[in-house]
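Chemist: Next come the chains, spelled out residue by residue.
Protein chains: 2
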Amino acid sequence: MTKLDSVLTRIDNQLPQSLDRLFELLRIKSISTDPAFKKHCRQAAQWLADDLTTIGFDASVRDTQGHPMVVAHHQGPENSPHFLFYGHYDVQPVDPLNLWNQPPFEPVIKELEGGQKQIHARGSSDDKGQLMTFVEACRCWKQETGTLPCSLTILFEGEEESGSPSLLPFFEANGEELTCDLAMVCDTGMWDIKTPAISASLRGMVTEDFVIKAANRDLHSGHYGGAATNPVHILTKILAGLHDESGRVTLEGFYDDVEELPEEQRRQWEGLGFDAGKFLSEIGLSMPAGEANRSVLEKIWSRPTAEVNGIQGGYCGDGFKTVIAAQASAKVSFRLVSNMDPEKIHESFVKYLESHLPEDCSVEFLNYGGAAAIQLDHTLPQIKKAAEALEEEWGNPAAIVAMGGSVPIVGEFKRLLGMDSLMVGFGLDDDAIHSPNEKYELSSFHKGTRSWARILDALAE
Amino acid sequence: MTKLDSVLTRIDNQLPQSLDRLFELLRIKSISTDPAFKKHCRQAAQWLADDLTTIGFDASVRDTQGHPMVVAHHQGPENSPHFLFYGHYDVQPVDPLNLWNQPPFEPVIKELEGGQKQIHARGSSDDKGQLMTFVEACRCWKQETGTLPCSLTILFEGEEESGSPSLLPFFEANGEELTCDLAMVCDTGMWDIKTPAISASLRGMVTEDFVIKAANRDLHSGHYGGAATNPVHILTKILAGLHDESGRVTLEGFYDDVEELPEEQRRQWEGLGFDAGKFLSEIGLSMPAGEANRSVLEKIWSRPTAEVNGIQGGYCGDGFKTVIAAQASAKVSFRLVSNMDPEKIHESFVKYLESHLPEDCSVEFLNYGGAAAIQLDHTLPQIKKAAEALEEEWGNPAAIVAMGGSVPIVGEFKRLLGMDSLMVGFGLDDDAIHSPNEKYELSSFHKGTRSWARILDALAE
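As given, the protein sequences belong to chains A and B, one line each in that order.
All letters in the first sequence, in the order written, are residues 1451 to 1911 by my numbering.
All letters in the second sequence, in the order written, are residues 1451 to 1911 by my numbering.
Just so you know, the hints here were simulated from the structure itself, not pulled from any lab data.
Please note that the accuracy of each hint is not assured.
What the hints assert, rightly or not - Below, simulated DSBU-like cross-link-like pairs (lysine-lysine); rule was C-alpha separation at most 35 Å, straight line:
#, chain 1, residue 1, chain 2, residue 2
1, B, Lys1663, A, Lys1488
2, A, Lys1728, A, Lys1801
3, B, Lys1834, B, Lys1453
4, B, Lys1592, A, Lys1488
5, B, Lys1801, B, Lys1567
6, B, Lys1592, A, Lys1801
7, A, Lys1687, A, Lys1835
8, B, Lys1835, B, Lys1567
9, B, Lys1453, A, Lys1663
10, B, Lys1663, A, Lys1644
11, A, Lys1687, B, Lys1560
12, A, Lys1479, B, Lys1663
13, A, Lys1687, B, Lys1663
14, A, Lys1728, B, Lys1489
15, A, Lys1567, B, Lys1663
16, B, Lys1794, A, Lys1801
17, A, Lys1663, B, Lys1687
18, B, Lys1801, A, Lys1663
19, A, Lys1479, B, Lys1835
20, B, Lys1794, A, Lys1663
21, A, Lys1801, B, Lys1728
22, A, Lys1663, B, Lys1834
23, B, Lys1560, A, Lys1663
24, A, Lys1560, A, Lys1663
25, B, Lys1567, B, Lys1794
26, B, Lys1834, A, Lys1687
27, A, Lys1560, B, Lys1663
28, A, Lys1644, A, Lys1489
29, B, Lys1794, B, Lys1644
30, B, Lys1728, A, Lys1794
31, A, Lys1687, A, Lys1560
32, A, Lys1687, A, Lys1479
33, B, Lys1644, B, Lys1801
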């Protein structure tokens, strides 16, 4: 029996205790975007530092201007490689709460017909369940062998769901401590429930948050309706004009730096056997939206987008209020691909918006955020080794995929610390992350833990 | 000294006590549209019934399916006319609370430079301040003369700001008790701070409240953006399409029953000396919105409108949530003029909306409400007498005006009880009703009370 075999057996035997620990973490309401949950975020950070300490890491909670970081170090055998593992302990808000089948911070395991088991809770998939697969793999390595197969630094962030404002200053202050041979990022998904995946490209993102203002106060729509500028009307016209009839984004220069998919990559993606109809029907839709004459996979992996993520103006409560609001606001995000420059897209959006404002309206831009798209080097030897380890665990070759979402930290690892990232995670498309009833497959948690044990073994060689 | 003179002197002398009573009523948080304030609505009704009883009315709180009515009767001299006075004790919600300069339910009197005094509180103008001008006029008549100059029935409603769902059933059950020679409705305004007004026409209204639904859950905009239908996009396109480039409403048949303003009326309105620039600059605007080539007075008095009163979709809290919402909702109101049929406009809106929905979206219509426009008979002798009484009090002739707002009860008085309505009130355009920092001029309250004393005297003859 190899060391790895005994570690894997230990992972199997300790699954109940691993779940107990995960549930403890899931019960902490670490919603980073809402200031009301500040102390819960710190509580989650402290819980993780304490847990890593029990494994033998030199772990600490590190203050930032926002929510704290957790940093932990463990020395491996001499001359072994040194990896940085990254995850985040913060979670998305839970509204609308009434759509949850059970309280979001009271984790449960649900068994479906046929025996499939799922962990239900906010953060089960994004990202507490994912990061604990790595922690549990480390625990079993340590318990079984007395050490780890390689040197590890672990970084857990608490602001991933709220734009990571403290990340760059933290990197700048602690770059040397965090720089390793390779980063491992677990905030990604599998191809399907039986097929692991390594993500080789990510879309970037620009987020815009703005308010359009008209009259100096809310107005009675009877007294002023028909003569006073209604900022909701202005906002709806502006947002409706963001896409043309063919679904393309109308911002000036939006597609200037977008490259067409290379023929080789298109063929590889076609080989994945993606079922667009199933993808849409699982979310209750039958027709793809967006750009005409593009496949669904292209749309979500290699095409840029504009999406309104939030809009609000006037009276939205029960009943009716005949008001012309003084202001209306929206949150809009753009997904970026290829070489699109976040700053350029932001400027183009500001220009578009300002040029569509009537004389009596003003616009106030609030938090703007941006991150470029990421394209990894396919030829990295670590990617090949990780792919082999994943295939051993799952019995299916790992799919090399793109991701429609953004993991801005991967760009910062490269830019600030000079590190490439291995993106491996065990989430599934139907995990409902960012939505009510978020879940994580029990198989993702269990075999995910086993996968990390194998990857650490493979990459240590 | 006539009876009227001594009543007017008493009104002057008792102003401090009148204000004390008004403040008591203003402190009651009778927000009818929000179920959380149900008991406050009943409290306001009881307060009014108790106060009317002290004057000598036979007053009672009458249950309905919603908030209660207050009905009070007082017999006048034999063969005197019998009037029904209508007001409402419910008020608008107070959000956004942070824009109020003081708590909305803690009334204060503010003195401006130059000595002008204002009563500040939610409901000070709409409608508690207005209805108390009538109650105080009755009190002083009764105290001074031992009776009232005519027979009076008073009806105070508690659902005017939430669509008056109980009004029609109440009229149907109590029609005989409520039918008088003429109704008096105080929910209207003055021409300016020195010029009283009688309202001769009112716009009608249709209110629409609906939700557009797309995916079966909220989606992550990274995983689905560019391929999944975003209901906020659909909603903004639909709302942006409600007006064409010239500001006209695009619903089919919308203008079919709209009459052009008669030349005579246009001339009378021009004689009022309305200052459109001042009207707009007071609310921080410089350019009229809405239909091209119409005067501002036409736009707010005699032209139909479509206004979005509320819109909501996706995440609107602090921070950012990269979500594609499962649904988006809006509240839209149409102001009606001439012979526009609320039912027809509703049907046209439903048709417009359904014809613009993509295949994967559905729409759910919630509460729909409708009331036709009102045009009063100018030649009623009571209108002439009231105008003379108002001129005596204010020293300026009463302006005969239209109202952009809707007072649906005036239509129901005519339709169900066969009564015309005398619409006299002392609100001002800048009272900020339905907005933060609602106020009522102290002169409106004081001289308004005196005006009602004069009108009752004039109409009793």
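Chemist: May I ask which of the numbered hints given earlier this structure violates, with the numbers listed in increasing order?
Modeler: 2, 4, 5, 6, 7, 9, 11, 14, 16, 19, 22, 24, 25, 26, 28, 29, 30, 31, 32, 33
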